[in-house]
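Visitor: Chains as they are written, first to last, in our numbering: chain A, 91 to 549; chain B, 91 to 549.
Hints listed in this document are in silico derivations from the structure and should not be mistaken for laboratory results.
Do not take every clue at face value.
Note: identical chains are not told apart, hence a pair may lie in one copy or across any two.
[What the hints assert, rightly or not] Capping the alpha-carbon separation at 25 Å, the derived lysine to any residue pairs in SDA-like fashion look like this:
id, residue 1, residue 2
1, K130, E152
2, K130, H395
3, K130, P104
4, K485, E525
As the structure is a computational prediction, the values presented were derived from the model and not from experiment.
Protein chains: 2
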Amino acid sequence: MSYFDAASGAPLHPVARQALMASLDEGWADPTRLYREGRKARLLLDAAREAAAEAIGCRADELVFTSSGTRAVHTGVAGALAGRRRIGRHLIVSSVEHSSVLHSAEAFEADGGTVTQVPVNRAGAVQPSGYGAALRPDTALACLQSANHEVGTVQPVAEVAEVCRAAGVPLLVDAAQSLGWEPVEGDWSLLTAGAHKWGGPSGVGLLVVRKGVRFAAQGPVDERESGRAPGFENIPAIVAAAASLRAVRAEAAQEAVRLRELTERIRARVPRLVPDVEVVGDPERRLPGIVTFSCLYVDGEALLHELDRQGFSVSSGSSCTSSTLTPSHVLRAMGVLSEGNVRVSLPMGTAEEDVERFLAVLPGAVAGVREKLGAPTAAATAAGPAELVVDSLGKRCPIPVIELAKVFGQVPVGGTIRVLSDDEAARLDIPAWCEMRGQEYVGEEPAEQGTAYVVRRVS
Amino acid sequence: MSYFDAASGAPLHPVARQALMASLDEGWADPTRLYREGRKARLLLDAAREAAAEAIGCRADELVFTSSGTRAVHTGVAGALAGRRRIGRHLIVSSVEHSSVLHSAEAFEADGGTVTQVPVNRAGAVQPSGYGAALRPDTALACLQSANHEVGTVQPVAEVAEVCRAAGVPLLVDAAQSLGWEPVEGDWSLLTAGAHKWGGPSGVGLLVVRKGVRFAAQGPVDERESGRAPGFENIPAIVAAAASLRAVRAEAAQEAVRLRELTERIRARVPRLVPDVEVVGDPERRLPGIVTFSCLYVDGEALLHELDRQGFSVSSGSSCTSSTLTPSHVLRAMGVLSEGNVRVSLPMGTAEEDVERFLAVLPGAVAGVREKLGAPTAAATAAGPAELVVDSLGKRCPIPVIELAKVFGQVPVGGTIRVLSDDEAARLDIPAWCEMRGQEYVGEEPAEQGTAYVVRRVS
Chain A
91 MSYFDAASGA PLHPVARQAL MASLDEGWAD PTRLYREGRK ARLLLDAARE AAAEAIGCRA
151 DELVFTSSGT RAVHTGVAGA LAGRRRIGRH LIVSSVEHSS VLHSAEAFEA DGGTVTQVPV
211 NRAGAVQPSG YGAALRPDTA LACLQSANHE VGTVQPVAEV AEVCRAAGVP LLVDAAQSLG
271 WEPVEGDWSL LTAGAHKWGG PSGVGLLVVR KGVRFAAQGP VDERESGRAP GFENIPAIVA
331 AAASLRAVRA EAAQEAVRLR ELTERIRARV PRLVPDVEVV GDPERRLPGI VTFSCLYVDG
391 EALLHELDRQ GFSVSSGSSC TSSTLTPSHV LRAMGVLSEG NVRVSLPMGT AEEDVERFLA
451 VLPGAVAGVR EKLGAPTAAA TAAGPAELVV DSLGKRCPIP VIELAKVFGQ VPVGGTIRVL
511 SDDEAARLDI PAWCEMRGQE YVGEEPAEQG TAYVVRRVS
Chain B
91 MSYFDAASGA PLHPVARQAL MASLDEGWAD PTRLYREGRK ARLLLDAARE AAAEAIGCRA
151 DELVFTSSGT RAVHTGVAGA LAGRRRIGRH LIVSSVEHSS VLHSAEAFEA DGGTVTQVPV
211 NRAGAVQPSG YGAALRPDTA LACLQSANHE VGTVQPVAEV AEVCRAAGVP LLVDAAQSLG
271 WEPVEGDWSL LTAGAHKWGG PSGVGLLVVR KGVRFAAQGP VDERESGRAP GFENIPAIVA
331 AAASLRAVRA EAAQEAVRLR ELTERIRARV PRLVPDVEVV GDPERRLPGI VTFSCLYVDG
391 EALLHELDRQ GFSVSSGSSC TSSTLTPSHV LRAMGVLSEG NVRVSLPMGT AEEDVERFLA
451 VLPGAVAGVR EKLGAPTAAA TAAGPAELVV DSLGKRCPIP VIELAKVFGQ VPVGGTIRVL
511 SDDEAARLDI PAWCEMRGQE YVGEEPAEQG TAYVVRRVS
């Protein structure tokens with residue numbers, strides 16, 4: 091099996107395992123106790139905090155350990171907002187943040203706050219000026235990921251931090267995807283991450299609150315972790331998290347070069363090996379290990395299943411692989427094709443031959459799924475009526491796009507096709523198809539049922 | 091070293107270690123993913139949930155795993171209160187709950203709710219009628235621990251659940267101290283626990299919400315653990331928690347008998363070995379492994395330090411061992427002596443000879459601390475004035491009681507002594523001293539500085 095989903099979670103790093111084992115015997119007791127076992131536990135906890143703080147580039151007393159990266163985000167966002175409640179109740183986030191940030195923003199809105207989403211370009215990156223435009227006198231907090239978890243695009247964190255700093259607004263950086271690679275540059279105020287993304291154990295998140303940043307922890311009082319992370323500290327896991335962060339950082343520079351070359355291979359070769367593919371995300375400013383592409387006329391779940399059967403574990407932002415039946419909010423915000431979406435995120439140490447095998451297997455896997463779905467293989471040329479209606483109501487992605495493509499050749503140049511669909515993915519995928527095909531997307535109109543997506547043939 | 095602080099946290103059970111090791115390789119991936127590693131993780135998680143649910147006596151879909159027992163309490167209390175917000179905003183707790191429950195209650199009060207604390211008797215037990223009297227038409231939730239964490243007293247949970255059930259009010263049971271021993275009896279509605287109390291790993295709490303109980307999870311939305319415990323599941327630790335719960339349960343009945351005999355030995359012999367000791371907690375309805383006593387004229391921290399030096403790790407509810415400088419709320423609610431407080435909580439498997447060695451060491455340790463503090467060894471007999479003032483302002487527990495005892499013999503029978511103290515512990519310890527000595531505690535009065543505690547000599 092080749093596990094290519096490191097962005098979801100990495101297998102345990104050998105150093106993490108070793109540290110976990112060692113500290114199970116020394117770190118199980120309550121570190122607030124004065125007796126021998128408690129003192130040992132406290133020493134381990136303190137040493138882990140020092141080590142992790144050094145790798146992050148913060149003071150040890152600015153760092154607390156939470157139970158997950160998600161929890162660090164929830165706590166960090168809520169605490170920073172509450173700490174600056176008197177300033178105002180406005181929050182800025184980018185439109186491609188991790189769901190933990192967006193859900194924190196929703197909870198804040200439900201509680202009466204106001205949220206501004208900063209848009210991204212087609213590569214998935216925000217512009218610092220977007221944050222500048224969103225800042226208001228009542229802005230309590232801004233959030234920006236260090237790099238995107240679905241497409242790997244690196245965000246201009248230092249520049250955005252500068253814009254926020256000039257306005258006196260703290261910036262929280264969700265560094266979940268990048269902290270294993272390098273410290274976050276720039277003058278940020280809060281930082282969050284989760285250890286299992288870099289090969290640390292599950293159950294450990296990190297929350298940094300810089301000295302001087304106003305912060306009011308929410309929820310019931312608890313004395314542990316400076317009052318910011320209630321509950322008995324999971325010291326063996328914390329020790330393993332800190333040790334593995336140091337370990338992956340020692341390998342990071344060299345491994346980044348190697349993985350970047352491997353993902354570059356995928357970026358370059360997939361469009362040549364597989365027809366009708368869009369590689370998404372910034373080609374340059376990106377994480378070393380992530381590459382994401384979408385395949386026209388492909389059902390994401392079927393493709394993942396086929397790749398799994400052939401020994402590859404990848405994930406997808408396609409709607410049909412999620413419980414919500416809507417495409418990933420990241421792909422939507424970027425305005426790129428969502429159907430047949432595949433995210434390959436290589437763990438450190440991925441072998442070159444596994445990537446080559448993936449490239450060998452992928453074309454057949456995509457072709458097989460397309461064949462089952464009856465995807466168009468060549469455009470029809472018969473000239474039919476100048477206006478055509480495709481009724482795809484009740485059909486799920488990628489069927490609406492397949493049905494559009496099948497009849498497209500029947501209308502003459504200048505003619506239009508109205509695709510009726512009640513699948514949320516069509517809103518993204520029909521315009522994306524037009525862009526890939528060089529055809530005109532006219533727009534959408536409400537229909538008796540669902541929505542009509544109007545396309546004009548221009549060539 | 092003899093570790094006698096199992097009520098704080100138990101060393102990792104061998105079965106937990108084994109399960110943790112085994113599932114580090116199989117359970118690290120995201121259980122929501124469809125690929126092989128994700129499916130394996132999901133299988134482990136489902137099996138752990140089934141096993142733990144069986145041990146608790148609930149349905150698997152009623153149980154979620156949180157990151158700690160404290161987190162389970164915070165989530166359970168907040169969710170149950172929110173779920174019944176329309177009924178009202180009144181919460182009932184006992185006065186001897188774990189701080190996680192009391193802090194949840196404080197947070198609820200800060201948010202506009204009302205809290206009633208049900209008192210306990212001198213043994214630390216609530217009366218079911220106390221809950222009956224506290225119930226109101228707007229009561230949203232009642233909370234009761236299954237057994238007390240500081241003195242081991244077992245609470246009448248089934249009877250209180252019955253009283254609550256009759257009023258249509260859900261009862262949340264904090265089963266942290268007892269779940270390793272046995273399931274919680276009675277018709278409770280919610281239950282919480284933490285795995286590291288029974289020898290499971292740190293980082294795993296349990297929250298059970300019975301079907302039909304209204305529950306509205308608070309905080310940002312997250313799809314994991316039925317929306318009740320955000321963040322990536324810590325599956326290796328969850329597997330270890332479930333496996334060790336089954337393992338300790340298999341040993342529990344036999345081990346309970348053995349530990350009960352050992353703690354009974356301590357209960358019976360400490361008062362004979364050490365003068366001026368009060369053993370606290372219910373002598374019959376109690377956990378097998380916990381025994382707690384307080385020693386007059388003893389500084390708890392000094393005693394713990396001395397016991398640690400001699401190889402015993404115990405904890406204390408004395409004010410001088412806590413950061414808050416107030417005695418444990420449990421001892422205060424019970425109205426028992428807090429100075430020189432020692433809680434012995436034996437882990438499963440404690441050897442008889444370790445307990446015997448503790449009993450051999452304790453008298454010398456107590457005597458040593460008393461000697462350093464200049465504690466009275468025999469009552470003075472000289473008859474002095476009929477009224478005496480002892481100025482203990484600025485002195486910490488146990489000095490005020492020592493100074494009282496030293497001069498007590500100087501006043502004639504019928505005479506009074508006013509002890510001036512600004513130490514919070516005096517409020518508890520001076521009345522307790524009177525009760526132990528068979529003298530009359532008249533009451534307290536505000537003084538120019540601190541408080542005057544008035545004692546009358548009756549014998």
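Visitor: Which numbered hints are broken by the structure, listed smallest first?
Guide: Going through the list in order, the structure violates no hint and respects every one.
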